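For this one, chain A is given, so just place chain B on it according to the hints.
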Amino acid sequence: MSKSVYIARKQELPLKGDSTSLFLQVIISIAVFIFAITLSGVLSINSILENWNQSILGSLTVQIMPINDANQEKAAAETLAYQEKAIEFLQTVEGVIKVTPLDDEQLKGLIQPWLGDGVNIENLPMPRIIDVKLASDAEIDFAKLAQDLAVASPQASLDNHKLWLSKLIRFADGLKLIALTILLLVTAISAGAIFYTTQMSLGLHRYIIEILHIMGAKDAYVAQQYAKRMAVLGLIGGLFGLLFAIPIIFFIGSLATQIEGGIISEANLSIGDWIMILILPLFAMTISMFTAYYTVKRTLQKML
Amino acid sequence: MAENSNSIIEMRNVGIRYDQGPEILSDINLSLKKGSFHFLTGKSGAGKTSLLSMMYLWQRPSRGSISVFGKDINFTNRDSLASLRRRIGVVFQDFRLLEHLSAFDNVALPLRVCGMEEREVRKRVSELLSWVELDRHMLDAAATLSGGEKQRVAIARAVINRPELLLADEPTGNVDNFIAPKLMKLFVELNKLGTTVVIATHSDKLINDFAYPRLHLQNRGLHILYPSDKSGLGGSDV
Chain A
1 MSKSVYIARK
11 QELPLKGDST
21 SLFLQVIISI
31 AVFIFAITLS
41 GVLSINSILE
51 NWNQSILGSL
61 TVQIMPINDA
71 NQEKAAAETL
81 AYQEKAIEFL
91 QTVEGVIKVT
101 PLDDEQLKGL
111 IQPWLGDGVN
121 IENLPMPRII
131 DVKLASDAEI
141 DFAKLAQDLA
151 VASPQASLDN
161 HKLWLSKLIR
171 FADGLKLIAL
181 TILLLVTAIS
191 AGAIFYTTQM
201 SLGLHRYIIE
211 ILHIMGAKDA
221 YVAQQYAKRM
231 AVLGLIGGLF
241 GLLFAIPIIF
251 FIGSLATQIE
261 GGIISEANLS
271 IGDWIMILIL
281 PLFAMTISMF
291 TAYYTVKRTL
301 QKML
Chain B
1 MAENSNSIIE
11 MRNVGIRYDQ
21 GPEILSDINL
31 SLKKGSFHFL
41 TGKSGAGKTS
51 LLSMMYLWQR
61 PSRGSISVFG
71 KDINFTNRDS
81 LASLRRRIGV
91 VFQDFRLLEH
101 LSAFDNVALP
111 LRVCGMEERE
121 VRKRVSELLS
131 WVELDRHMLD
141 AAATLSGGEK
151 QRVAIARAVI
161 NRPELLLADE
171 PTGNVDNFIA
181 PKLMKLFVEL
191 NKLGTTVVIA
201 THSDKLINDF
211 AYPRLHLQNR
221 GLHILYPSDK
231 SGLGGSDV
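Protein chains in written order, with our numbering: chain A, 1 to 304; chain B, 1 to 238.
Chain A extracted, bound-state conformation (with noise of 0.2 Å):
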């Protein structure tokens, strides 16, 4: 048996050692780590909203505005008059599946950040807060709805939260554009460097190509040749900049979790957010692979 058998096949196109290799590695390296950072605070901005969503679309606030008396006992006692009214209504309405009064210590609880502890909530001229519980299959006119509460109680006022909400999520949406802008710019970018430093290459090894075009190789066999290298290199290039990631997002999803108030805190990462991340490198590696694949046919056209 000759010699021959124990030989490896070497690649015609020499794509290994090639300058580019590395210059295309860190791109793609920079490239997925912005994506992996960029993916994970539009995975965090969509968790925000969904949980936003599910706690706001589920309920509704009514406030009773206190009644203002010279005589603070018979005013605070008008006050939940119009308090009982209003629970009395709700009750009544459609939809409603519970109302919850909040009593003096949830209410103090609300301002304590503010006035601290301590504080002789009866002194001052309070709203009371009533808390209601809507099925999740509630069909509710909200204006109809305050119409009637105002006429119930003429002291409430309805919030079902959506004005501020709706600010909020204009807000959100603004970001989550902006994020998914990067993400089409970073794969642009990385897909044009891939273009680019693949077609210098095909010059590079133009005589190469030549010759394989000569022996009869059709174009997909050269832009395999290049898809293949271009597939390791997305691969590992995104490898490595998942690895830089992967702590950054951990660090940001620690300060989220230390702000106060609730609401960025509730940016958590699912298991499938996390899946998504952590494919990124293939998503690199498939992108590569085809761009390179792509701008040799496309290249070679202009040959013979």
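FYI, nobody ran anything at the bench for these hints, they're computed from the structure. Just so you know, these numbers come straight off a predicted model, no measurement behind them. Warning: the hint list may mix true and false statements.
No farther apart than 30 Å at their CA atoms in a straight line, the calculated lysine-lysine pairs in the DSS-like style are these [what the hints assert, rightly or not]:
no.: 1; chain 1: A; residue 1: K302; chain 2: A; residue 2: K10
no.: 2; chain 1: B; residue 1: K71; chain 2: A; residue 2: K297
no.: 3; chain 1: A; residue 1: K228; chain 2: A; residue 2: K302
no.: 4; chain 1: B; residue 1: K123; chain 2: B; residue 2: K34
no.: 5; chain 1: A; residue 1: K16; chain 2: B; residue 2: K123
no.: 6; chain 1: A; residue 1: K228; chain 2: B; residue 2: K123
no.: 7; chain 1: B; residue 1: K71; chain 2: A; residue 2: K302
no.: 8; chain 1: A; residue 1: K167; chain 2: A; residue 2: K133
no.: 9; chain 1: A; residue 1: K297; chain 2: A; residue 2: K10
no.: 10; chain 1: A; residue 1: K133; chain 2: A; residue 2: K85
no.: 11; chain 1: A; residue 1: K10; chain 2: B; residue 2: K123
Below, chain B without anything else, positioned relative to chain A:
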């Protein structure tokens, strides 16, 4: 173009020029019959390499039409051109080996681009390299081989897939007096097996030793000269 099923190559009123320069070759009419053997002669710059490069489908003519294996190349797509090229073996004057590859990998190239199984590739390449007495250099990088060894690798690469058309540009120019007749014998044997052969050469010895007709390029035109014709230009257009 009316196809002649017995022709490997048909050229009709072919002209070739580079950029806006004058025509290197004009009004070439040629019908290369299956199983024929021709020498291609002409002074340096007469257009031998241009004619060969059109034959192995690397250059398109500036005008006229070329049909190879019955296919008009003006109406043949890229993949089909590649398939046609697989039926053609080419030996270049400057060898055009891939210097970073071994002699083995260079010879294996035409088989691999066709997708042949590696086991069969190894068998065929090893046999052929032994035949051209390069088995000791099988794993040596082409860059390290001598001129004669490179030429033998180039010839082995051209014939490894048993081409129907073999085109060679000065194939014995760099080999010694012992190897040259052996290589010519290989071409003759391939021709006997049905391969159409065109060899571009300046060697009078080769032309005299082997009594094959010549395709002679002169004044941008192509003439055929038969071995009995001693006048040099007494032949007819092909």
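Taking the hints in turn, this is what the structure says about them:
no., hint, result
1, K302(A) / K10(A), "holds (27 Å)"
2, K71(B) / K297(A), "holds (23 Å)"
3, K228(A) / K302(A), "holds (22 Å)"
4, K123(B) / K34(B), "holds (29 Å)"
5, K16(A) / K123(B), "holds (28 Å)"
6, K228(A) / K123(B), "holds (27 Å)"
7, K71(B) / K302(A), "holds (21 Å)"
8, K167(A) / K133(A), "holds (23 Å)"
9, K297(A) / K10(A), "holds (22 Å)"
10, K133(A) / K85(A), "holds (17 Å)"
11, K10(A) / K123(B), "holds (17 Å)"
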